[in-house]
Amino acid sequence: MKANEPIFCFFCPNHCAMTATFEDGKMVKVVADKKSGLPCDICPDAKGPLAIPEVHSHKERLRYPMKRAGEKGENRWTRISWDEALDIIAEKLLFYRDTFGPESIALILGEPKGMEFAFGQRFGTYLKTPNVITPGNYCGVQTGTADHFTFGTMMVQSDLASEFNCIVIWGANPLNTGGSFRGMRQAVLDAALRRGCKLIMMEPGKNRYCEKAHHWLRLKPGSDGALALGMAKVIIEEGLYEKDYVARHTIGIEELKKEIATFTLDEVAAETWIEPRVVREVARLYATTKPAQILWGNALENSVSALQICRAVTILRALTGNVGAHGGEVIIEPAKFTRPGRFYFDRRFPRPIEKSIGQEFPIAMGSAYVPTQSLVRSILTEDPYPVKMGLAHVTNPLLTYPDSAKTYEAFMKLPFLVVAEIFPTSFTAIADIVLPAAVPGEHDTIGYWPAWFGYVKAYQKVVDPPGDAWPDAKMINELAKRVGLGEHFWANWEESLDFMLEEAKLTFQDLVQKRILWPKHYFLGDREPYFPTPSGKAEIYSRQMSQLGLSPLPYFNEVSASRYKKEDFERYPLYLTNYKEGAYMLSGYRHVKAVKKKKAEAVCYMHPDTAERFGVKNGDMIYIESRKGRIQQRLETSRDMHPQAVMAAFGWWDTKADKNQYNWRGYNINILTDGDPPNDPATGSVQLRGVPCRVYLDEPHPAREARRAGPTSRENKGA
Amino acid sequence: MLSLPSKPWKKVRIEQLSEREYRITFVSSLADEAEFLEAVKNDLGSCVGTDDGLGTPDWGTRSVQLSTASIAAFKRRLVFASIVVETE
Chain W
5 MKANEPIFCF FCPNHCAMTA TFEDGKMVKV VADKKSGLPC DICPDAKGPL
55 AIPEVHSHKE RLRYPMKRAG EKGENRWTRI SWDEALDIIA EKLLFYRDTF
105 GPESIALILG EPKGMEFAFG QRFGTYLKTP NVITPGNYCG VQTGTADHFT
155 FGTMMVQSDL ASEFNCIVIW GANPLNTGGS FRGMRQAVLD AALRRGCKLI
205 MMEPGKNRYC EKAHHWLRLK PGSDGALALG MAKVIIEEGL YEKDYVARHT
255 IGIEELKKEI ATFTLDEVAA ETWIEPRVVR EVARLYATTK PAQILWGNAL
305 ENSVSALQIC RAVTILRALT GNVGAHGGEV IIEPAKFTRP GRFYFDRRFP
355 RPIEKSIGQE FPIAMGSAYV PTQSLVRSIL TEDPYPVKMG LAHVTNPLLT
405 YPDSAKTYEA FMKLPFLVVA EIFPTSFTAI ADIVLPAAVP GEHDTIGYWP
455 AWFGYVKAYQ KVVDPPGDAW PDAKMINELA KRVGLGEHFW ANWEESLDFM
505 LEEAKLTFQD LVQKRILWPK HYFLGDREPY FPTPSGKAEI YSRQMSQLGL
555 SPLPYFNEVS ASRYKKEDFE RYPLYLTNYK EGAYMLSGYR HVKAVKKKKA
605 EAVCYMHPDT AERFGVKNGD MIYIESRKGR IQQRLETSRD MHPQAVMAAF
655 GWWDTKADKN QYNWRGYNIN ILTDGDPPND PATGSVQLRG VPCRVYLDEP
705 HPAREARRAG PTSRENKGA
Chain G
13 MLSLPSKPWK KVRIEQLSER EYRITFVSSL ADEAEFLEAV KNDLGSCVGT
63 DDGLGTPDWG TRSVQLSTAS IAAFKRRLVF ASIVVETE
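Chains as they are written, first to last, in my numbering: chain W, 5 to 723; chain G, 13 to 100.
Any given hint could be a false lead.
[To be verified] Only pairs whose alpha carbons sit at most 30 Å apart, straight line, appear in this in silico BS3-like list of lysine-lysine:
#1 23(G) / 541(W)
#2 359(W) / 22(G)
#3 601(W) / 23(G)
#4 340(W) / 38(W)
#5 584(W) / 597(W)
#6 518(W) / 87(G)
#7 509(W) / 53(G)
#8 359(W) / 53(G)
#9 340(W) / 23(G)
#10 262(W) / 53(G)
#11 87(G) / 132(W)
#12 261(W) / 23(G)
#13 30(W) / 87(G)
#14 19(G) / 524(W)
#15 23(G) / 247(W)
#16 261(W) / 53(G)
#17 417(W) / 359(W)
#18 53(G) / 340(W)
#19 509(W) / 19(G)
#20 584(W) / 19(G)
#21 87(G) / 247(W)
#22 603(W) / 63(W)
#23 132(W) / 19(G)
#24 524(W) / 22(G)
#25 541(W) / 340(W)
#26 340(W) / 19(G)
#27 359(W) / 87(G)
#28 19(G) / 518(W)
#29 22(G) / 340(W)
#30 359(W) / 19(G)
#31 601(W) / 53(G)
[Claimed, not checked] So the derived label-pair ranges between C-beta atoms look like this:
#32 252(W) / 25(G): 23 to 33 Å
#33 99(G) / 616(W): 50 to 60 Å
#34 529(W) / 40(G): 17 to 27 Å
#35 82(W) / 26(G): 55 to 65 Å
#36 53(G) / 530(W): 29 to 39 Å
[Claimed, not checked] Just a few of them, taken from the derived set where beta-carbon distance is under 7 Å, the chain W residues facing chain G:
#37 366
#38 370
#39 538
#40 548
Honestly, the hints are just simulated from the structure, not real lab data. Note that CB positions come from ideal geometry on N, CA and C, so glycine has one too.
Build the full structure now, drawing on both the sequences and the hints.
This is the structure:
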């Protein structure tokens with residue numbers, strides 16, 4: 005018997021509307037639900053439609069709770085019941101809480117899909133641990149906070165309903181990662197490009213939009229802030245800024261004028277690899293082609309000055325009067341539902357920030373997360389106190405935290421680690437208890453993420469989870485009851501779905517009928533004041549940031565800061581950046597054969613001249629080495645790459661290497677990265693772009709090394 | 013992940029009275045005493061550290077006395093309660 009059910013994809017943040025077809029109760033096919041009118045840009049690799057049916061029925065899914073049978077990291081397991089698993093975990097939670105304090109317990113959360121992130125935050129609140137670790141320090145918080153300080157809200161999105169004539173894609177790969185943080189849809193963008201919309205790409209590597217670009221700037225990885233300030237300099241000095249808008253709707257232009265007078269375009273060029281002539285041309289094109297949008301992405305958030313870099317970029321939007329304009333970027337009011345903060349926090353139980361790890365990062369503390377590397381450091385050093393237990397939900401720190409070797413050392417040291425996961429991973433391999441997690445579609449849940457899209461979506465159950473897999477939210481709800489926190493949770497966790505919709509005066513079943521609640525869009529003039537900042541204007545100069553002890557303007561010296569010095573590039577003369585796969589969701593779902601067919605191994609990109617200089621060629625399995633370690637990836641040479649850059653694939657491990665912790669060391673770019681200070685002083689961001697590296701085919705040889713060191717090294721030595 | 017608030021901003025003036033004593037005065041308008049008391053309890057209350065203390069609110073002057081060892085930390089917390097400090 006055949007039947008169709010509406011579902012949402014969970015393979016990228018765009019969460020497209022889809023229809024699943026079932027035969028005799030088994031999901032056999034997933035296609036885009038274009039008739040629904042809901043967002044459903046199917047990515048070129050169609051990873052959701054390809055993967056989702058297989059995910060639900062994959063034989064390697066985790067099915068039952070398990071406890072460690074061998075030594076830690078040996079990956080040998082004994083199947084246990086949910087009762088036994090929850091009893092063991094509850095006993096440990098109570099022991100560590102009562103012996104070492106609740107702060108000795110860390111909640112370790114990853115990319116949210118449904119309610120699991122909300123439950124994790126809520127559990128942290130009532131357990132009274134401040135240590136809720138999320139990837140906020142390199143995803144979402146920097147861009148969101150820059151918008152918040154500048155425009156008064158992180159809820160700024162593309163106006164898709166009006167025509168726009170210029171698009172800047174900056175640090176984003178819309179085809180691989182679901183549009184951009186601005187909620188742009190590919191169909192809308194493609195139609196605009198066919199209409200003649202100008203496209204500017206800020207991309208040191210290459211993605212499938214680059215060839216369509218009017219300008220493609222292969223900037224130095226991590227130098228985006230310097231480029232943005234260079235553009236601001238041109239726009240202001242040539243009088244191209246929207247003078248009436250700036251006068252009426254912004255504050256701080258005079259302070260910015262002073263700042264842009266302190267550097268030259270030659271200095272911008274030295275920092276960014278982009279000639280002054282090109283900076284001028286691009287700035288003029290962006291400033292004079294209205295309306296325009298900047299679609300920004302995650303790459304801007306991966307440096308030690310990430311927040312100020314994002315501020316420098318977002319200020320361009322204010323200078324050109326594009327925020328609030330039809331066809332520009334507009335402030336939205338999210339769909340009405342119980343604000344996540346109300347679910348996460350309780351005034352009666354304020355988060356004890358004074359005990360938090362990473363409390364030196366004010367935005368991290370205000371945004372309810374501990375930077376990932378701060379947890380790793382605290383576990384290893386026991387400073388400010390020993391961390392004894394971790395409870396992790398749908399995250400793989402060995403692949404996604406900076407400095408994987410140090411991360412591994414830390415989690416191996418942790419006395420007790422619980423990992424809830426969908427498939428076995430390198431992180432489950434080093435756990436003490438593994439819990440099988442159900443994915444969306446296998447249970448009812450609400451999708452409110454990414455928060456800045458402003459949607460709320462109903463994910464209804466359409467298929468049974470494999471074995472005895474549970475939703476993460478149910479695990480936390482049941483655990484809460486076992487440790488005496490039941491009064492703050494629910495008899496049945498699914499009652500929380502109605503609670504989340506209370507303010508919308510809907511039940512979850514009502515939302516299932518609607519599928520989605522939409523945000524409202526506001527244009528300039530629709531409300532007063534338009535910008536919900538303290539001044540009621542877009543704040544180029546931010547007094548709030550000053551109040552937080554941060555620079556109120558993005559200063560050229562600050563946005564140009566890197567954790568690496570010139571000397572670091574003598575031994576490692578290339579600049580490493582990375583890309584997210586089109587076929588996968590970050591480091592996850594690597595078991596799925598349908599997407600493995602699309603991409604079977606980690607591929608890195610380099611210019612052929614650079615490859616020749618380093619004695620490697622197209623198709624070689626090369627080593628990429630930084631001062632932290634080395635990995636291997638397959639080389640694909642491309643004349644589109646900047647000759648000083650290496651672009652490596654993110655998130656690779658080996659699903660077959662179950663005796664070797666799934667080989668998290670082999671291809672994983674975070675073997676090469678570094679989480680040690682300095683970090684971004686506001687958010688704790690780390691330098692994941694522009695990491696000094698070198699490449700070779702086999703063991704380095706002293707004679708070859710001198711040749712490979714190349715002109716950069718000689719210049720540096722002479723400097 | 014971001015929990016920065018979206019409610020309207022309030023503005024306060026901070027005057028130092030002694031080494032660790034400060035007067036916090038609401039500069040932005042407040043509808044009535046109830047709103048003032050709520051702002052002191054909920055907004056300022058959420059910003060005091062474990063060793064800080066708030067005195068009795070005075071509706072007449074729209075002010076309350078704060079005792080704190082770190083006014084910088086208090087000011088940082090005010091941002092997350094949507095309170096901006098009037099420029100000194």
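TODO: Sort out which numbered hints this structure fails and list those numbers smallest first.
DONE: Failing hints, ascending: 3, 6, 10, 13, 16, 20, 21, 31.
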